[in-house]
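Enquirer: These are the residues of each chain, in order.
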Amino acid sequence: GAGVSQTPSNKVTEKGKYVELRCDPISGHTALYWYRQSLGQGPEFLIYFQGTGAADDSGLPNDRFFAVRPEGSVSTLKIQRTERGDSAVYLCASSSIGWSSYNEQFFGPGTRLTVL
Amino acid sequence: ELKVEQNPLFLSMQEGKNYTIYCNYSTTSDRLYWYRQDPGKSLESLFVLLSNGAVKQEGRLMASLDTKARLSTLHITAAVHDLSATYFCAVDMAQGGSEKLVFGKGTKLTVNP
Numbered sequence: 017g018a019g020v021s022q023t024p025s026n027k028v029t030e031k032g033k034y035v036e037l038r039c040d041p042i043s044g045h046t047a048l049y050w051y052r053q054s055l056g057q058g059p060e061f062l063i064y065f066q067g068t069g070a071a072d073d074s075g076l077p078n079d080r081f082f083a084v085r086p087e088g089s090v091s092t093l094k095i096q097r098t099e100r101g102d103s104a105v106y107l108c109a110s111s112s113i114g115w116s117s118y119n120e121q122f123f124g125p126g127t128r129l130t131v132l
Numbered sequence: 011e012l013k014v015e016q017n018p019l020f021l022s023m024q025e026g027k028n029y030t031i032y033c034n035y036s037t038t039s040d041r042l043y044w045y046r047q048d049p050g051k052s053l054e055s056l057f058v059l060l061s062n063g064a065v066k067q068e069g070r071l072m073a074s075l076d077t078k079a080r081l082s083t084l085h086i087t088a089a090v091h092d093l094s095a096t097y098f099c100a101v102d103m104a105q106g107g108s109e110k111l112v113f114g115k116g117t118k119l120t121v122n123p
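Listed in order, the protein sequences are those of chains A and B. Each position in the first sequence, counted from 1, maps to that position plus 16 in this note's numbering. Each position in the second sequence, counted from 1, maps to that position plus 10 in this note's numbering.
Keep in mind the hints are simulated off the structure, nothing from the lab. Just so you know, not all the hints are guaranteed correct.
One-sided and incomplete, this derived list gives chain A residues near chain B with beta-carbon spacing under 10 Å [as the list claims (entries may be wrong)]:
| id | residue |
| --- | --- |
| 1 | Tyr-51 |
| 2 | Gly-58 |
| 3 | Phe-123 |
Covered stretches of chain B, going by a simulated chain A footprint (3 or more residues, C-beta under 8 Å) [what the hints assert, rightly or not]:
| id | segment |
| --- | --- |
| 4 | 27-37 |
| 5 | 69-80 |
| 6 | 91-104 |
Remember, it's a predicted structure, so these values are computed and weren't measured experimentally. A virtual CB, placed ideally from N, CA and C, is assigned to each residue, including glycine.
With the hints as constraints, model all of the structure from the sequences given.
Expert: If you want it as structure tokens, here you go:
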């Protein structure tokens with residue numbers, strides 16, 4: 017079946033602009049996660065949705081970052097007034113918490129964001 | 011705050027040799043995951059370790075978990091070039107009330123002919 021998909025694969029923007037990154041999880045997965053991966057580092061947690069609600073947004077670095085999942089499926093990560101330090105690969109993952117005893121997360125290909 | 015430390019961060023080895031990657035974490039968790047990442051690609055799930063003493067094997071890779079020591083190992087047997095990649099361990103924070111994963115910095119493995 018289809019895996020997690022993310023669009024766009026690459027996004028180049030100018031400092032101060034607004035960007036939206038989209039994630040389409042595996043069908044039926046109720047949990048969705050956003051992570052950010054800087055060069056040479058492991059992924060860092062940003063936000064986690066269970067259904068439509070953000071269950072844990074403790075990883076969002078500041079109020080320029082916001083994410084939504086209005087229908088409990090597709091999610092959009094929104095970044096306002098982008099800064100050069102926001103440049104990274106943004107990874108989305110999904111899992112099917114609730115029917116199994118563990119939380120194996122399946123990752124999408126990522127969106128590489130470059131802020132000039 | 012949970013810390014996950016991997017070592018070594020860089021590993022260069024010859025084909026046919028054995029080696030072990032270590033993953034230490036700083037708080038209680040019974041669930042640990044290993045992922046593989048090829049350059050420019052996303053993360054591929056390798057192993058899910060769910061309890062103390064868990065051992066999983068797939069081909070030339072074997073992962074184990076010791077929750078009392080807060081240590082997981084990824085053992086490579088008779089390495090081949092195709093294993094060259096970055097390997098991440100990640101700890102599940104469910105016991106701490108969150109479903110997020112906390113990742114180590116990764117071990118970049120290069121297998122030389």
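Enquirer: Tell me the hint numbers this structure goes against, listed in increasing order.
Expert: 4 and 5
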